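**Q** For reference, the chains in residue letters:
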Amino acid sequence: MFARGLKPLSIASVVLIVGAFALVFFYAPNDADQGFVQKIFYLHVPLAIVALFGFVAGGVYGIRYLRTDDRSHDLRSYVAIHISLILAVAALVTGSIWARAAWGQWWVWDEPTLVSFLIVFLLYACYQPLRFSIEDPERQARTAAVFAIVAGAFVPLNFMAVRLAESLVHPRVLSATGGSMPGEMRLTFLVALTGMAVLFVTLWKYELTSKEASMQLRALKRALADEDDAWVPTRRSAAPQQI
Amino acid sequence: MRRAVAAVVRKDLRVELRTGEAVPAMLLFSVSTFVLFHFALDRASVEGELAAGVLWMTLLFAAVLGMSRLFVAEREQGGFDGFLLAPVDRTSLFVAKAAVLFSFLVAVELAAVPAFSILLLGPSPWPVAPELVLVLLLADLGIAVVGTLVGALGIQTRARELIVPILALPLMIPLTIAAARATSPLFLEAGAEALAGRWLLVLGLYDLVFGLVAFAVFDFLLEE
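Residue numbers (the numbering used here), protein chains in the order written: chain A, 1 to 243; chain B, 1 to 224.
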């Protein structure tokens, strides 16, 4: 159900990620101010952008689930938010390293993008505990979908409020003027961003396929079990257990 | 819908008047927190940004107490079932509960803000009372909407008292930014400055966005 196109996607993400790193190290020029350390930008910014889109995609699948009552959308929403959380941790860590190198501090409060991102991360970090504390699978799916939609609406509002509150020192990478990147940097950045997006989709599909396979395995085990141990207790889990 | 809302609001206010479960606890919590802030900050009085921060942190945490109590009677004593059996629009429960939480917050603030001005606040709040009331009401509306939604999410879980605060606090960060920034010029020792319109705008936008979102998704939290 989810495995279609997995092979070309895997190849594409390997090629793009390797290509992006090759471009980062051998093609993109060193930044005039920050030197070599600026290259973490090609990792940090795609991670953050893809994580935010993944969160919003989780909300979109949440809407679809509530509309159609199709459990596979709940699984899609769950996996999208789960992988985005992992990317978000990586984005926060790389952002912190970059801040240390560029501004001399691990954490800078007057930097709206980093702060907003932390707030969004803190909110989505509640997603797993929320799911885990609901046992009934249908109620779990519905509550999680509502959360994903509310949090999806929260993301832009939060970015706006934090940006109004802080001064602007963070580089506006995707501003209306296209930032002030020279051509080589922009090309490298776009390749890195595409690579990260394709990697996200690939990982998402792998995780979906794996979840589906373990669901099928569980169903088969249950079907093959003797009368005596036909009842296999399901582990309490944050992840959807059936679709 | 209006009659259903009015009925639920009347029921909840009557329960609150008879049992006094939420508002007195929230008020007591607020006053204790002001005392704690006095010792934690080691100050006899606060002003400006510090005053706004102390006031808003206290009110937000008090509001979280109210949120986690909001649907307890419905869940434990079958109020949800009764409501679902009644031939009324489900969103009316959301509107009613938000109105109840809003009135709880107003009731708490009617006592907590004067207590704050006596215990901690340096400059007198009376000259800026109209502006302060405006900010408080706009923020209360946002807290009531988000709180009702979070309370309804939390009541679905078996760890309500854990889930409600961890969900509510990040969701209320934009509101806190706007409310605290709007209030801090009112509490300046050197004399209050004018209210910044953009923070009121952010508060209004927050209320509107979450009001619409909650209105759209609340139905799904009630299905059984």
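These are calculated hints, taken from the structure and not from any lab test. Small disclaimer: the values here were computed from a predicted structure and weren't measured. Incorrect hints may appear among the rest.
Examples of chain B residues toward chain A, derived with CB under 7 angstroms [claimed, not checked]: (1) V15; (2) H38; (3) Q77; (4) A159; (5) L221.
Glycine included, C-beta positions come from ideal geometry on N, C-alpha and C.
**Q** Does the closest beta carbon of chain A sit nearer than 7 angstroms to the beta carbon of B/V15?
**A** violated, 25 angstroms
**Q** Given B/A159 as an interface hint, is its Cβ closer than 7 angstroms to any Cβ of chain A?
**A** holds, 4 angstroms
**Q** How about B/H38: closest beta carbon in chain A under 7 angstroms, or not?
**A** violated, 26 angstroms
**Q** Have a go at the B/Q77 hint: is there a Cβ in chain A nearer than 7 angstroms to its own Cβ?
**A** Cβ of B/Q77 sits 19 angstroms from chain A, so the hint is violated.
**Q** Per the CB criterion, is B/L221 less than 7 angstroms away from chain A?
**A** At about 6 angstroms, which falls below the 7 angstroms cut-off, the nearest Cβ of chain A leaves the hint on B/L221 intact, so it holds.
Checked against the numbered hints above, the structure breaks hints 1, 2 and 3 and satisfies the rest.
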